[in-house]
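S.K.: Guided by the hints, dock chain B onto chain A, whose structure is given.
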Amino acid sequence: MLISLLRIFVTALISLIGLTVITFTISQQSSLPLHDYQSNSVFVQYFEYLGYLFQANWGTSNITGSDVLSEFLKHFPATLELLLFALLIVFVSGISLGIVAAKNRGTWIDNSVMGATLVGYSMPIFWWGLLLVLFFSLFLGIFPVAGRIDYQYYIEPISRFMLVDTLIGNHSYGMSAFFNALNHLILPAITLSWVPMAIMARMTRSALVNILKFEYIRTARSKGLSENRIIWAHALRNALQSLLTIGGLQISILMTGIIITEHIFAWPGVGNWLLRSVARQDYPSIQGGILALSFMVILFNVFIDIISNFLDPKKRRPLE
Amino acid sequence: MSFVSEKKSSHTKLLLLSFLACLIGCQPSIPIDSEIDSSLLVYCSEGSPVSLNPQTNTSGTTVDATAPTLFNQLLDYIPGTTELRPSIAAEWSINDKGTIYRFTLRDDIAFHSNEYFTPSRNLNADDVIFSYNRQRLVNHPLHNINGNSYPYFNGQGLAKLIKRIEKIDQHQVEIELTRPESPFLSILATPFLPIQSKEYAETLMKKNQLELYDKNPIGTGPFQYLAYEADSYLRFIRFDKHFAFKSIVEHLVYSITPDPAMRFARFSAGECDIMRYPLPVHNKLAAQDNTIETIQTPALNVAYWGFNTQKPPFNEPKVRQALNFAVNRKAIARAVYDNQAILAEGPLGPSSWAFAASQDKIIYNPEKARQLLQEAGYGEGFNLDIWAMPVQRAYNPNARKMAEMIQQDLLEIGITSNIVSYQWGTFLNRVAAGQHQTVLLGWSADNADPDNFLTPLLSCAASNNGSNYSRWCHPEFDKIILKARQESDIEKRKLYYQQAQEILHFEKPWLPIAHTPNNLLIKNTVKDVNLSPLGTINFEGVTLISKEDAF
Numbered sequence: 001m002l003i004s005l006l007r008i009f010v011t012a013l014i015s016l017i018g019l020t021v022i023t024f025t026i027s028q029q030s031s032l033p034l035h036d037y038q039s040n041s042v043f044v045q046y047f048e049y050l051g052y053l054f055q056a057n058w059g060t061s062n063i064t065g066s067d068v069l070s071e072f073l074k075h076f077p078a079t080l081e082l083l084l085f086a087l088l089i090v091f092v093s094g095i096s097l098g099i100v101a102a103k104n105r106g107t108w109i110d111n112s113v114m115g116a117t118l119v120g121y122s123m124p125i126f127w128w129g130l131l132l133v134l135f136f137s138l139f140l141g142i143f144p145v146a147g148r149i150d151y152q153y154y155i156e157p158i159s160r161f162m163l164v165d166t167l168i169g170n171h172s173y174g175m176s177a178f179f180n181a182l183n184h185l186i187l188p189a190i191t192l193s194w195v196p197m198a199i200m201a202r203m204t205r206s207a208l209v210n211i212l213k214f215e216y217i218r219t220a221r222s223k224g225l226s227e228n229r230i231i232w233a234h235a236l237r238n239a240l241q242s243l244l245t246i247g248g249l250q251i252s253i254l255m256t257g258i259i260i261t262e263h264i265f266a267w268p269g270v271g272n273w274l275l276r277s278v279a280r281q282d283y284p285s286i287q288g289g290i291l292a293l294s295f296m297v298i299l300f301n302v303f304i305d306i307i308s309n310f311l312d313p314k315k316r317r318p319l320e
Numbered sequence: 001m002s003f004v005s006e007k008k009s010s011h012t013k014l015l016l017l018s019f020l021a022c023l024i025g026c027q028p029s030i031p032i033d034s035e036i037d038s039s040l041l042v043y044c045s046e047g048s049p050v051s052l053n054p055q056t057n058t059s060g061t062t063v064d065a066t067a068p069t070l071f072n073q074l075l076d077y078i079p080g081t082t083e084l085r086p087s088i089a090a091e092w093s094i095n096d097k098g099t100i101y102r103f104t105l106r107d108d109i110a111f112h113s114n115e116y117f118t119p120s121r122n123l124n125a126d127d128v129i130f131s132y133n134r135q136r137l138v139n140h141p142l143h144n145i146n147g148n149s150y151p152y153f154n155g156q157g158l159a160k161l162i163k164r165i166e167k168i169d170q171h172q173v174e175i176e177l178t179r180p181e182s183p184f185l186s187i188l189a190t191p192f193l194p195i196q197s198k199e200y201a202e203t204l205m206k207k208n209q210l211e212l213y214d215k216n217p218i219g220t221g222p223f224q225y226l227a228y229e230a231d232s233y234l235r236f237i238r239f240d241k242h243f244a245f246k247s248i249v250e251h252l253v254y255s256i257t258p259d260p261a262m263r264f265a266r267f268s269a270g271e272c273d274i275m276r277y278p279l280p281v282h283n284k285l286a287a288q289d290n291t292i293e294t295i296q297t298p299a300l301n302v303a304y305w306g307f308n309t310q311k312p313p314f315n316e317p318k319v320r321q322a323l324n325f326a327v328n329r330k331a332i333a334r335a336v337y338d339n340q341a342i343l344a345e346g347p348l349g350p351s352s353w354a355f356a357a358s359q360d361k362i363i364y365n366p367e368k369a370r371q372l373l374q375e376a377g378y379g380e381g382f383n384l385d386i387w388a389m390p391v392q393r394a395y396n397p398n399a400r401k402m403a404e405m406i407q408q409d410l411l412e413i414g415i416t417s418n419i420v421s422y423q424w425g426t427f428l429n430r431v432a433a434g435q436h437q438t439v440l441l442g443w444s445a446d447n448a449d450p451d452n453f454l455t456p457l458l459s460c461a462a463s464n465n466g467s468n469y470s471r472w473c474h475p476e477f478d479k480i481i482l483k484a485r486q487e488s489d490i491e492k493r494k495l496y497y498q499q500a501q502e503i504l505h506f507e508k509p510w511l512p513i514a515h516t517p518n519n520l521l522i523k524n525t526v527k528d529v530n531l532s533p534l535g536t537i538n539f540e541g542v543t544l545i546s547k548e549d550a551f
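These protein sequence lines map, in sequence, to chains A and B. Okay, so the first sequence: first residue is 1 according to our numbering, each after it adds one. Okay, so the second sequence: first residue is 1 according to our numbering, each after it adds one.
So here's chain A without its partners, still in its complex pose:
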């Protein structure tokens, strides 16, 4: 167990080193040096750079003059809020759709779910987002086009999670601000979660269909258990840990998708900040943004690895 954890951490460490080498290279692009380096050798400067990172000194933007780390932390809650909401949709609807399809395999229900997810799978997210806006916001008028909350509401940023701030903030709007913010979250979250949700649904279906062929399922059937019970208690439990790994992989899809989604929906998160920095050649911010986002992906994968280790006894084998 210990060794297997060690293996996870060593892999993560190697990725982190690779990552910092890349961001260090980006930071060297700026005409003004990002930090005051003592040494002239690039090799030693890299270690100094790591030192600065650990001291939470990520440099200052050469365009706006603001601190990169605090600028990141300012934008991150918006990204995280959207990400978590999208992740919820990916797991809940992805798995539910997969179950529905697996239970009704071969029927028109299965075919239409699989057809729909295939479309979702191959949908360019930028176009999809615009289509959703066109239909739900402009044609039906039930969702707002963009932003985090209507401007009638002035919510002072406290935690910077809009849903939280509408609840804890000192304002006179009551719950309507919260629902307004929730309403703003839905279209971007659907846009963002669409591709990974489709993957999740297809994976769930195929995992379940596979498992349902096993002997022990036949045994369960012969015991007279209902189909629901078989799927929920026997099949899904065994599929769960491979689904979790797949879910973990979706995080990197979500992370790339979030940049585009934030741009489309004028969502003030890290993705928009990063795009703006690229447009302005704000190298300190670009390296900071890339570092932080990739760090999140690595961290999350470590987390998923550990959990699936706990779930799967076969994975706990020591190094041979």
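If you're looking for bench data, these hints aren't it; they were derived computationally from the structure. Some clues are possibly wrong.
[As the list claims (entries may be wrong)] Okay, derived cross-link-like pairs now, SDA-like style, lysine to any residue, Cα gap no bigger than 25 Å in a straight line:
| # | chain 1 | residue 1 | chain 2 | residue 2 |
| --- | --- | --- | --- | --- |
| 1 | B | Lys207 | A | Gly65 |
| 2 | B | Lys330 | B | Asn365 |
| 3 | A | Lys74 | B | Gln209 |
| 4 | A | Lys74 | B | Ala230 |
| 5 | B | Lys215 | A | Leu130 |
| 6 | A | Lys74 | B | Pro258 |
| 7 | B | Lys284 | A | Leu130 |
| 8 | B | Lys215 | A | Ala279 |
| 9 | A | Lys74 | B | Leu226 |
| 10 | B | Lys215 | A | Ser159 |
[As the list claims (entries may be wrong)] If we take Cβ atoms under 7 Å as the criterion, some of the chain B residues that face chain A in the derived model are:
| # | residue |
| --- | --- |
| 11 | Ile145 |
| 12 | Asn146 |
| 13 | Asp231 |
| 14 | Ser232 |
| 15 | Val253 |
| 16 | Thr257 |
| 17 | Met262 |
| 18 | Ala265 |
| 19 | Arg266 |
| 20 | Ala269 |
| 21 | Ala357 |
Just so it is clear, CB atoms sit at the ideal spot from N, CA and C, and this is done for glycine as well.
M.R.: Leaving out everything else, chain B in the frame of chain A:
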């Protein structure tokens, strides 16, 4: 496991599905705070301002965010025009030589206040001197705060032009110039030279928080700064003690929406009242919609195809004349500008008072072009590079497409060409260093004086690694525009500029392409928004009417 009942598991499933359904379909009804709604104006802008102090940044986004809201200058422009009017300075006088300006300031101008600062006095001469000296004097306590970059002040050479600034009394300031400079008042009226509070700087200095000076701005304008969240919004609240007028708008929000399609979608859905930088297609859609009005002003900008006159064969005027005949600009106006621009005859457009209509207009005539090339000794044609700017600007929405069209036209007169492009910063650096043969670029004026086109774009001083990208230096032309700059009589200046334009018309360092009008879409519930030919927006006289009254 067996204690999980059948019933329960199907309940769970039901719950999951209903949650999914809720995600897609739940629509809580949202009561809107009607009190805020009736005095709220939302402006959909195109980006996050780099700074909230236009002294330190000249981008259009920064100007839009600060000029109509936070600040005032000594003078400004009558909304929607390029005519000067008094603002902080109630009146002014100029000596006969045109070198000494004396301004008399109003005494009723109050500053904003915020959590860090409450002003104890009105604006006076100290604030004017403080604001200019911050940019002018290297040893000024605020000079090096927040990046020490004053692009407009330095770009106009004001540090050299201004010899001294002196306080005569509390409400009189005298500025002496090293030489007469007739565009000087126009320069002072630009949004880049706001008058800011000296007392605020002193207060922050005591608290050791000077860097807040530009981030939590204090000005004298009709709106006070409330909050700024980059990539999201910029909020202002009405300043009730503004010296000139009280706006009907109490809450002003800049909603930052970089993507133009989404900006138009937000505007169409009623999430904002004003839309900045509509695309040509949006203007067309707006024309069919009776709830939308388009505000359009003739523009002080120009797109051009510049020839590097230091490189053969472009040092030969005949070749440049030939290229002027070779391009079908009407097709460009249609394909690139969607017929929403006017063809240019020179750097100055018809909206400038110094515009001189020429006898022979620039026309498309490949025959004539071939003949001129023959005369110049290039009858068999040659190969050239067209550098196309990689970004969209109001004056050129698609330089790449324009380059491709020119490429086709050139083939007809036997010239083959390659299109060259770099990432924007690199592009500008390389063009400034003269690495190009020909380049598609443009210019937007920052003050209404015609000199703002001619000196930066075509003077000898700017031809060596400056913004004169055709690197064209014509001593006679240079002499004329210098005389015009030092002359204060507008009729005499007009004559000088006419001569200058005649020289250009023969020499043709460029092919002028188009002037693009500035436009803005507004909902018909908003009235009297102004857009100046310089592209700055003005909310001064804005009135809001209810939807029912709008029809």
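S.K.: Does each hint fit the structure? Answer for all of them.
M.R.: Okay, the hints, checked on the actual structure:
{"no.": "1", "hint": "Lys207(B) - Gly65(A)", "in the structure": "holds, 20 Å"}
{"no.": "2", "hint": "Lys330(B) - Asn365(B)", "in the structure": "holds, 12 Å"}
{"no.": "3", "hint": "Lys74(A) - Gln209(B)", "in the structure": "holds, 20 Å"}
{"no.": "4", "hint": "Lys74(A) - Ala230(B)", "in the structure": "holds, 9 Å"}
{"no.": "5", "hint": "Lys215(B) - Leu130(A)", "in the structure": "violated, 34 Å"}
{"no.": "6", "hint": "Lys74(A) - Pro258(B)", "in the structure": "holds, 19 Å"}
{"no.": "7", "hint": "Lys284(B) - Leu130(A)", "in the structure": "holds, 20 Å"}
{"no.": "8", "hint": "Lys215(B) - Ala279(A)", "in the structure": "holds, 22 Å"}
{"no.": "9", "hint": "Lys74(A) - Leu226(B)", "in the structure": "holds, 17 Å"}
{"no.": "10", "hint": "Lys215(B) - Ser159(A)", "in the structure": "holds, 21 Å"}
{"no.": "11", "hint": "Ile145", "in the structure": "violated, 10 Å"}
{"no.": "12", "hint": "Asn146", "in the structure": "holds, 6 Å"}
{"no.": "13", "hint": "Asp231", "in the structure": "holds, 4 Å"}
{"no.": "14", "hint": "Ser232", "in the structure": "holds, 3 Å"}
{"no.": "15", "hint": "Val253", "in the structure": "holds, 4 Å"}
{"no.": "16", "hint": "Thr257", "in the structure": "holds, 4 Å"}
{"no.": "17", "hint": "Met262", "in the structure": "holds, 6 Å"}
{"no.": "18", "hint": "Ala265", "in the structure": "holds, 5 Å"}
{"no.": "19", "hint": "Arg266", "in the structure": "holds, 5 Å"}
{"no.": "20", "hint": "Ala269", "in the structure": "holds, 5 Å"}
{"no.": "21", "hint": "Ala357", "in the structure": "violated, 40 Å"}
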